[in-house]
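Protein chains: 4
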Amino acid sequence: MKRKKLKMGMVGGGSDAFIGAIHRRAAFMDNYIELVCGCFSVNPEISRSSGREYFLPDHRIYDSYQEMFEKEMELPVEERMDFVTIVTPNKWHFEPAMMALERGFHVVIDKPMTFSLEEALKLKEKVEETGLVLALTHVYSGYPAVKEAKARIAGGELGKLRKVYVEYTQGGWLSQRIELQGGNNAGWRTNPKTTGKAGCMGDIGTHAWHLAEYVTGLKVLEVCADLQTYVEGRLVDDDGGASLLRMEKGVTGVLMATQIATGEANNIRLRVYGDKGGLEWRQMDSNRLTLRWGG
Amino acid sequence: MKRKKLKMGMVGGGSDAFIGAIHRRAAFMDNYIELVCGCFSVNPEISRSSGREYFLPDHRIYDSYQEMFEKEMELPVEERMDFVTIVTPNKWHFEPAMMALERGFHVVIDKPMTFSLEEALKLKEKVEETGLVLALTHVYSGYPAVKEAKARIAGGELGKLRKVYVEYTQGGWLSQRIELQGGNNAGWRTNPKTTGKAGCMGDIGTHAWHLAEYVTGLKVLEVCADLQTYVEGRLVDDDGGASLLRMEKGVTGVLMATQIATGEANNIRLRVYGDKGGLEWRQMDSNRLTLRWGG
Amino acid sequence: MKRKKLKMGMVGGGSDAFIGAIHRRAAFMDNYIELVCGCFSVNPEISRSSGREYFLPDHRIYDSYQEMFEKEMELPVEERMDFVTIVTPNKWHFEPAMMALERGFHVVIDKPMTFSLEEALKLKEKVEETGLVLALTHVYSGYPAVKEAKARIAGGELGKLRKVYVEYTQGGWLSQRIELQGGNNAGWRTNPKTTGKAGCMGDIGTHAWHLAEYVTGLKVLEVCADLQTYVEGRLVDDDGGASLLRMEKGVTGVLMATQIATGEANNIRLRVYGDKGGLEWRQMDSNRLTLRWGG
Amino acid sequence: MKRKKLKMGMVGGGSDAFIGAIHRRAAFMDNYIELVCGCFSVNPEISRSSGREYFLPDHRIYDSYQEMFEKEMELPVEERMDFVTIVTPNKWHFEPAMMALERGFHVVIDKPMTFSLEEALKLKEKVEETGLVLALTHVYSGYPAVKEAKARIAGGELGKLRKVYVEYTQGGWLSQRIELQGGNNAGWRTNPKTTGKAGCMGDIGTHAWHLAEYVTGLKVLEVCADLQTYVEGRLVDDDGGASLLRMEKGVTGVLMATQIATGEANNIRLRVYGDKGGLEWRQMDSNRLTLRWGG
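Residue numbers (the working numbering), protein chains in the order written: chain A, 10 to 304; chain B, 10 to 304; chain C, 10 to 304; chain D, 10 to 304.
What the hints contain is simulated information worked out from the structure, not anything from laboratory work.
Identical copies look the same in the list; a pair holds intra-copy or inter-copy alike.
With a Cα cut of at most 27 Å, we get these calculated DSS-like pairs of lysine-lysine:
#, residue 1, residue 2
1, 206, 258
2, 14, 80
3, 206, 169
4, 228, 169
5, 285, 159
6, 156, 14
7, 133, 100
8, 13, 80
9, 228, 131
Generate coordinates for the entire structure from the input sequences, incorporating the hints supplied.
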């Protein structure tokens, strides 16, 4: 059978956006995915100029995602997109995702999954009904050293697990109220109408949470959290906070996340300790996995 | 006026003990303190052999601290000890300290201060009454880089403080139930009758706590903690845990301490973030103070 | 004017090779280059299966680079390749490069440039004659932190330069005589007939050399070197060595390179010192540039 | 038999000097040595005030080392000094050392041993004749991690040795011509009349050299060096340089030392590679010994 590249469409990710470019780069680098179409902005002009910049022909650059799904369905199967990547503010994750699933397209969404829990549960139901793939990009679990960590824990090298410490400290980024300046994506991320009530915890705490559960293979059962908003006037629930965690099998831990740790870059870090040994991984030195053995 | 070396007596710190040797080394290295007497063990033979090993004449090596205080009082002022250093298990901090203060000797005690809060309050009262010095050896605040951190925060370099993260992770040490083996000082440290109910938090959490308050100059106002004992059969309240902190001036933070983080050595680490910048100090790289500035 | 992706052809880089995959990944990730044709192996079957794996149509997969240049010339300009990337053993850099230049194609060659100095000089002449681009992939100069280092030095931040220390220590790789095992690319790299006489210095010393000259903007004028071959039976001039360097403007330095530093991974590191400050960059922590200032 | 503390005398090391204080601190910290006398400066007033600061009685503070040796000889054996520590500029190492040995005192000298090779050979002869101890303080070999490195190499863990890289980069210190300012010890260290012709190599290159030979147990047989003096007007042979080394058993290496690497603190670092593995030690992280194993 003839192999073919997977055909990707995109919602969001115009040349004025942040995360779309990273999705495209990740998609292109090993040469198994090609971008075939997209609606790259709510502004049709930006969508059009972005699509051309990405070397798309004009008839595959759309003014709305509704139009995109409709027109792509009319194309021959071997031409139309196979899946859609949604890289919009949280508020606009659910609708295009649901529409894509209903038309038979697989879906990739940047985290967090949706604006509300209700929306997430509806997508879950639709995925189960259709058998299609819905992927959330908790990207930190993709590092080879993180996969190695998971495998070693699963293989019992650390013994019976005891503690998980995970933290995600960002700083320069939201440490001042830059959302007032415009021209950056702090605006929608600190606006409850576009991002939801969860501020930092929804934006990056989700990464820390996923990393902890992914590497240990254990679910968090109970949380006791203290969330704060330090930057005055900011409307979301938190720009940082910390949680005491109780996980399956008696493991306890701490999750810390903040976007106002002035001076930090993008410091996500995990430590796990068992009765035989411990391990540590930091995204700032991402090819290193440190293992420490007991007595 | 003729300068003279300060004359130190010691309670505990025999050749079979751990922390006494460190107190002596610290006392000797800059040549301002000399050891003149001591009762180095509840076992008079160990006290005697230890004292000789420390080059003391026999008549200044005592069988009990009660004897020591009595006999030293009888010596001429220029010969008798100026202060006593108490390096015994927590249970025996209060009595020799109180006795010393009553006889006019200054006192140094290894942390934690006493076995119970009541004892600590009584010592506080006696200190205020006598005007004598009572010093607790929260030694991590003695590092030059820690003093530098304190000075920079006090000078406003980090701006208005927001977050304090402090942790103390030990591991190889109490990760297994070594208290059953004997021949080590895990025995008294995990025995509620000698150490008190507070396990890891009393032993090393105190250092983390002091470091956080010392460097920021802010008191902790509220604590929400989750403590656990992982090593089966261990009788103290915890061999590790974590706390969410609320401090003065709206600062929040996290304190983590554990003695069962298998593979860790003696990893005490502090981070403080303000609205202008952040700083980090780690005892494992103790001459370095990392400062990070915001955008 | 309509933008278009650059069309790349490749010589070497079959699915059994090492460096070709890295060239393709680098070419694809920002979406400005597409692979349109190639002769990926001297073995036509490997060339064919590799080309299919890279999603090429059969008529653009060639059995020889001679055939490739010929057939591509017959294609309409807007379809044919724009440049060729040559990722073969050193022995086969010159011929395809010269042939490409003669037919008007730009050329990318993996370092070192050619098998002999004579060949390199001929290519230089041809490049000057044709005005085409010939690019050598001294990739370490592509890191943002390295470009930052170069810019800061050029801007005078370090003051008058004094010292350059550059080293490239590899280890696990050629520390034993793995060229005898087959199935790896140690074979051609340690065979004077395919790699040339220069062993480690030709293979990775070139990277160190280029990095030193690139960052400082200064040429090396004199070299005093001591080269050794430690692995018994190895036929190239060296599997490591060190050189004292004298560079322009009175700068002196040291270049160390070895492929038998057992246990090292891929440790290329540069330090430059001037009378005002110094800087350091290490590929193992490649996003960090350390600057140190004087008194 | 009654143990007693060793009695130390000192030549040099007044309160205006640098290295003497470090010798005293090292001597005092484990309580086996006491300072009993000294001639702390060529200036009798500084000698006297320094001795008092060190809690010596006036009759054990001398105006000259000649006087010191003479008077100490007249004291009862159990009172007189056991050994003398010489911490003067290089020019004044030989005479007091020879005089001490002739009178039966053991000797400690700060490196480098003497002003000239002839002097060193005479001392060697005298030591062999008298059977007394003459110790040079190549202090970096005293770190536990360095001793561990030596033991592991001797035990064959790295296999057959191949390469030794040792470097000592200092910077802030002599990077500018601070010897003209006075009030620091750069004066005698850059004056050929007090330090000898060897500048940086004599001062700190000796430490690097000793470390390389000490850890490997191998002697350097051949040296090819390039020395420079960058700071204009400086009179010693070098303020930094590098050497290619050939050692016993076919080991080769590089020694780099400089005191003008602006921005560096006191960075002495050793790497050794054998055919089974490699090790690394850095004084800036002195409790860590990194071991790396081959494939």
